[in-house]
Every structure is written in structure tokens, then in C-alpha cells.
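Novice: Using our numbering, the letters of the sequence shown map in sequence onto residues 4 to 728.
If you are wondering where the hints come from, they were derived from the structure by calculation, not from laboratory data.
Hints may contain errors.
With a straight-line Cα cutoff of 30 Å, these simulated DSS-like cross-link-like pairs (lysine-lysine) come out [said to hold, decoys possible]:
{"id": "1", "residue 1": "LYS666", "residue 2": "LYS510"}
{"id": "2", "residue 1": "LYS572", "residue 2": "LYS713"}
{"id": "3", "residue 1": "LYS671", "residue 2": "LYS611"}
{"id": "4", "residue 1": "LYS44", "residue 2": "LYS429"}
{"id": "5", "residue 1": "LYS215", "residue 2": "LYS510"}
{"id": "6", "residue 1": "LYS41", "residue 2": "LYS558"}
{"id": "7", "residue 1": "LYS675", "residue 2": "LYS205"}
{"id": "8", "residue 1": "LYS558", "residue 2": "LYS576"}
{"id": "9", "residue 1": "LYS310", "residue 2": "LYS295"}
{"id": "10", "residue 1": "LYS256", "residue 2": "LYS448"}
{"id": "11", "residue 1": "LYS256", "residue 2": "LYS510"}
{"id": "12", "residue 1": "LYS448", "residue 2": "LYS205"}
{"id": "13", "residue 1": "LYS256", "residue 2": "LYS416"}
{"id": "14", "residue 1": "LYS215", "residue 2": "LYS205"}
{"id": "15", "residue 1": "LYS295", "residue 2": "LYS454"}
{"id": "16", "residue 1": "LYS429", "residue 2": "LYS241"}
{"id": "17", "residue 1": "LYS253", "residue 2": "LYS44"}
{"id": "18", "residue 1": "LYS454", "residue 2": "LYS318"}
{"id": "19", "residue 1": "LYS726", "residue 2": "LYS666"}
{"id": "20", "residue 1": "LYS540", "residue 2": "LYS510"}
{"id": "21", "residue 1": "LYS558", "residue 2": "LYS195"}
{"id": "22", "residue 1": "LYS666", "residue 2": "LYS318"}
{"id": "23", "residue 1": "LYS215", "residue 2": "LYS310"}
On a predicted model such as this, the values are computed, not experimentally measured, just so you know.
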Amino acid sequence: MTGKKKVSRRKFLIRGGIGTIGVLAVGTYLFRNPIRRKIVKVINTVETPYQGNTDNPIIWFEITKDNKVVLHSPKVEMGQGTFTSLAQMAADELEIDINQINVVHAESSSGNMDSFATGGSTSVSALWVPLRELAATMREMIRIEAASKMQEDVVTLKLSNGIVSSANKSMTYAEVATGVSEWDIPDTPELKPLSEYKYIGKPIARVDLVDKVFGAPIFGMDATMPDMLYGAVVRSSKIGAKFIGADVSKAEKMPGVVKIVVEEDFVGVVAHSMIQAENAKSQIEVQWEGQKELNTDDIKEMITVGKGTPYVIQKVGNAEEILEDGENLIVSEYWSPIGAHAQMEPCGAVAHVEKDKATIMISTQVVAITRNEIAERLNLERDKVNIIPTFLGGGFGRRLHTPNAIQAAVLSKAVERPVKCFFTRKEEFQNDTFRPPTHHILKAKLSREGKIEAMEHNVSSGDVAFGSPMMPRIAEPILGADLGAWRGGLIQYGAIPNFSAISWRVKLPFATSWWRSLGLLANTFAIESFMDELAIKAGIDPVEFRLTQIQDDEKGRRLKEVIKAVADKAGYKDRIIDGRAMGFAVSTDVNTPCAEIAEVSVLNNVIKVHNVTCAMDPGLAVNPDQVKAQCEGAIIMGLSASVFEKMEVENGELTPTIYGPYKMALMKHAPKEIDVVLLQGTDYPGAVGEPPLGPIGAAIANAVFRLTGKRLREMPLQANLDKQS
């Protein structure tokens, strides 16, 4: 029971963030070098606000006949627990029991879309204010309507557990909403103080737990439509291959084929079953051009520092001049490989294109972008395209690109029936949008007292953000350096008097893009391994060494606190005890500092991570259990990526193409214990999903050095330990 709004007296949220930065940058383009560094500094700390409709509560909330409230979420659920936190935030302001609220994905036709995306650890933090304001406003709308129906003074009514009551009367929210077609929308009411919340800050059980435990068909791969056919698209295994044309004569004669669809940029099959579509696809003879016969060494050469275009993204003091003098100069190099997303659910969609409209069921992180791209390809008005988001079987940035939705829609239009079209596992590995490889050169000089006098970080990487539909085209010429590639690459130790960071941008010949935490894992691996080297060179405990390099301001205080907390909780000791050593690392990502200690052994040249201790300050934890679970998941994903994972390039093809050969952490590789300590340095929630990924690679590598005396300078660590032996 929704209804139409009668009047909207104000917007709840004034949009800003990256859009504002872009406007500033355009106006100062001629002074772009210093301005770029200012923009980088802002981007590194800005928490992207929600960018969607926040002036109409009734497109967010629906009251059902059984007195439940349905929250139509503009953020998608991809395993991070967002729906649970949103339910807590809404329930507290709506004055309903947590069990009375159900969270579902908002379809694009509802108008409730985030034009940004689901990503960047922003789901909870971006909605922290607008969702509570919307819920509080909806509560007051119910109170106003109830006062009218009950013939009571609005100020005398009390709301609790979905019931409006006065001294002698009561109505459920459902009864209040019945028959209402127009609502009075008041000014935004004052939000409750944190002390009055029943659910925020509490460990509430996951609202999507039952469906996942019992295998409900909630994922994109499960989606179906009546009278559905199956599609398959031919994709090249070669880097740089461009579709020119195809001979489809053999495929057309294959069993079950309904139609072969040849477009300017791809060729696909529609058949009665998935296996029939795949079999027919194998008989299409495709002409490609532009294939590049490259190998891993060629890619490594491309991303060597000095080969790309340099952009100074951070500069304090005179590091370059001080480091030009080679006396007592400390220089180190680090590398990271190509990384796959390797999410469990391949990309795909179910599409039904009719004469003047299209419906798409899909696992996507970018509902608005997917809608817009399909509308453009099919020459439809945007409001004629309805994107129905499903739960995601893993995202990690892979589902920020959805050309698969366009292909499914084109196939559906060709046969005038719904079509389900998904990547095969081989295609998912070979046609991924990969985490780019990196090369790092770090330089420093130490004072006689063991403090860093000057430090420089050079990082070379392929693009992460540029080229993505999420980034406006104007960003590239203005910013120069790719903001995803340098994420985590700025030097966080503000007490160093002279430091700088230089990003070397390289355009690689295969698709690289967003990967969970962007450049944070690789950049932190390099910087924090180097910090460990400097601490040893200075003869100072690695924890104490870092503490002395941190500035005395709010940012520095929070950073120091997580360092002290993790060292205290882990009982940190910088020596080998019973064949095990502890490695320490720390990073700050989107204003969330996170420190980790990995307790490691190396037996028969095999790295074993026994325990990980993590201290993180995400501000207010809306659901502490959920935040800890995100830390655990990020740490295991980071362990897998830094110790085992690597894509190779062989004869122009990315490989391996299946699980198994693409080595990943198994259950036996998981730490026996992950102990998470949460600090609250602010009274609002900050980033959670990606910051814990940063320190783990360096923490493990630093522990391995203590055990073996070998400084592992390249990920994956296990393969490079084998190589050194």
C-alpha cells in the first residue's frame, strides 16, 4: 500500500562528492598539477554520498496487508550483509520490530536507483543519513494519517511495533495505509539520538540467512521467465581480438537452434536448451582481427615503472631532491600479478524484449547504468527498460560491467521471447575485467634517530577506474592518474617531513577494471613490506617504528589506536617462537584505518597462516557481527590473492580458465582463528567491506621474512617462495 505523495517540502539530501570535485577541476584545469594533488587528497578521503531519489519515502517503503514493511533497497546484496544493516536502520526510525521488515531489491521501474552503484564500501555509510531520514519521515506520514482517521491530535499518538495508539484507540500501520492515495509529506523530522536505537549497534541475525541456507532461487543464475529460450555468445580467447564476421551455416543446422543472431560486434545463438546453444556456438566459424600474441613477460615489461605516463599524486616537502643524493639511499622493488575476480556465479542475464519495452533480470552492481546501456542499444526510452536486480553470487567489482545484459536483450529481441544467456566458466576467466598487475619502486632515507627523512613511492599499473561506465569521460584528462590504480598507494605516515607518490599510468591490451579494494592490496603490500625493511634497517621494533612516523591529528590518532590495539590483542613479539613468526602491516582506506598481524610458519617451504588479528576503526558499527564477518571474508580473500592467485598470459591468451589450475586458498589454508577488534573513532559508519583486504599480504610476507630471511617481493607469495628456494 503505497500511494502518491501530496507535497514534497524539501530534498533530504544535497548531492555532492565526486561530481562536485569534477566541477572544481574543470574550473581549474590550467593549474592541473597542484590541483590534481588536491583532488587526489579529497578523493582519497571522500565517502561517496548516495546519489538517488531521497525526496519521496513511498518509493522506498511499502506497507503490506499483514502489517509488514517492505524496504525497496537501491543497493544490491552481494553477500556483504547490507540488507541486514539497512533493515536495522529503517526499523529503528519506523518504530517497527526488526522482524516486521523485509528488504528487497528495488526494480529500476520504481525510480529508486543509486546512479553511483553498489561498491566502494559505501552501501551503509552512504545511506546512513538519507535512509534514516526517509524512515523517520514515513513514520510521521503514518502518524499524520492516523490522526486524521482516528480523529485524534497528532501529538498524542504513540508508535510502537507497527501500531499507532492513543489513550483509547489503536490502528496498525496497515490499517492506517488502507485506502490512502495521497500522503502529506512533512519536513524531515529530527532523528533519534544513538542512545535510543534498539537495533543499530546490535548483532542482528542476517535477514537473508534462511533463503541462502535452504537454497532459495534468489541469484541471477536461478532467474527464469515463462516460455524462455537459451542464448550463447561466441567470445574470443585471444587478447585484442575484434569481431569481424562469422560463417553460421553449420550452426544453423544444429539441433534445437531457433536463430543465429549476427550483430556488428558479436554473434550469438538462441536455442531451446543451454547445451543446444553451446553446441551450436561451437560450430560457428568466426573471423577476428587484431589478436596480440603476448606473454606474461611482455605484460610485465609494459608495467615497469618508467614506461608509462607519470603523475605526481602526492607531494609534501622535498623528497625528490633529498633522494637524488644516492648516499644512504634505500631502494626496493615489488610486483603484483594479474588477478581474476573468480566469483562463484558467472555473469549473465535473463532478458525479455517486447515491442516497446524490456525486462531484464540480472546480478548487477550498476542498476542505473545497465538500464541506460540497454535503452541506448535497443533505442528505447529509459523508463521502458525495467532492471530487476537479483542477489549476487559474488561481485567484487566484476558486475560493474554488464555488456552481457545487452547481449541477452539483443538475442531476446531477435526471437521475440525471453532469453537466458550466461558466460561459461572458461569465458568468465578469459573475458574477465582483471585486476591489473603492478610494479613498485620505493626509495627512502633514514635519519640517525631511525626516523624516515624522505620517502617516495612509484607505482605502475593498468587502469582500474578509467574506461568504466561509472567514470565520466572528463575525469580522465583532468585527473590523469587512475584513481583506482593508486588507491592505497598514498603514503599515510604524515610525520615524515618529505614524501611523495607517483602513479605511472599504462594502458594494457586487455580489460582491467575494478577489483575488490582496487589497488589497495598491491599498494599496501609494497609500502608496508618496505616499511618493514626500513624498521629492520633502523633497528627499531616494526610497530614502534610506524608509530613514530604518524602525525598528531585526528587521522593520525585513529591510525595509532588501531596499531596499538592489534599489537596488544595479538601479544605482538618481533621474534620467532616455536617455529612461528608474526608479521605486521597497516593501511587506511576511505577513512577506515585497519591494522593486521599474521602469525605464520613455513614448513617444507609451504607458507601456513595460523592466526590473524585485525583491529579496525570503521566508526559506528551498525551490526558488529556483520562488520566482523566482513573483516574475516576480506582477510581470507586477501590471503588467497596474495599467497596463491595469479593469471598468466600465454600465446595471447589469459590462463588458466578453470578453478583448480587457478590456485586459490582452500579451507586448509584458512587461519585457524581470525580475531577482530573494532574501534569506534567516529559516531557514524564508515567503510567496511574493502579496508581489511589491504594489510594481509604485507603482514604475511613480513612474517615469512622473519622465518626464512627471504624478502618476498612479488605476489603470489607461495610461488615466489618456491622460486627463491
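Novice: Next, verify each hint and record whether it holds.
Specialist: Evaluation of the provided hints:
no.	hint	verdict
1	LYS666 with LYS510	holds, 27 Å
2	LYS572 with LYS713	holds, 27 Å
3	LYS671 with LYS611	holds, 9 Å
4	LYS44 with LYS429	violated, 40 Å
5	LYS215 with LYS510	violated, 40 Å
6	LYS41 with LYS558	holds, 17 Å
7	LYS675 with LYS205	holds, 26 Å
8	LYS558 with LYS576	holds, 26 Å
9	LYS310 with LYS295	holds, 19 Å
10	LYS256 with LYS448	violated, 71 Å
11	LYS256 with LYS510	violated, 42 Å
12	LYS448 with LYS205	violated, 47 Å
13	LYS256 with LYS416	holds, 21 Å
14	LYS215 with LYS205	holds, 22 Å
15	LYS295 with LYS454	violated, 48 Å
16	LYS429 with LYS241	holds, 13 Å
17	LYS253 with LYS44	violated, 57 Å
18	LYS454 with LYS318	holds, 18 Å
19	LYS726 with LYS666	holds, 16 Å
20	LYS540 with LYS510	violated, 36 Å
21	LYS558 with LYS195	holds, 28 Å
22	LYS666 with LYS318	violated, 39 Å
23	LYS215 with LYS310	violated, 48 Å
In this structure, the hints that do not hold are numbers 4, 5, 10, 11, 12, 15, 17, 20, 22 and 23, in rising order.
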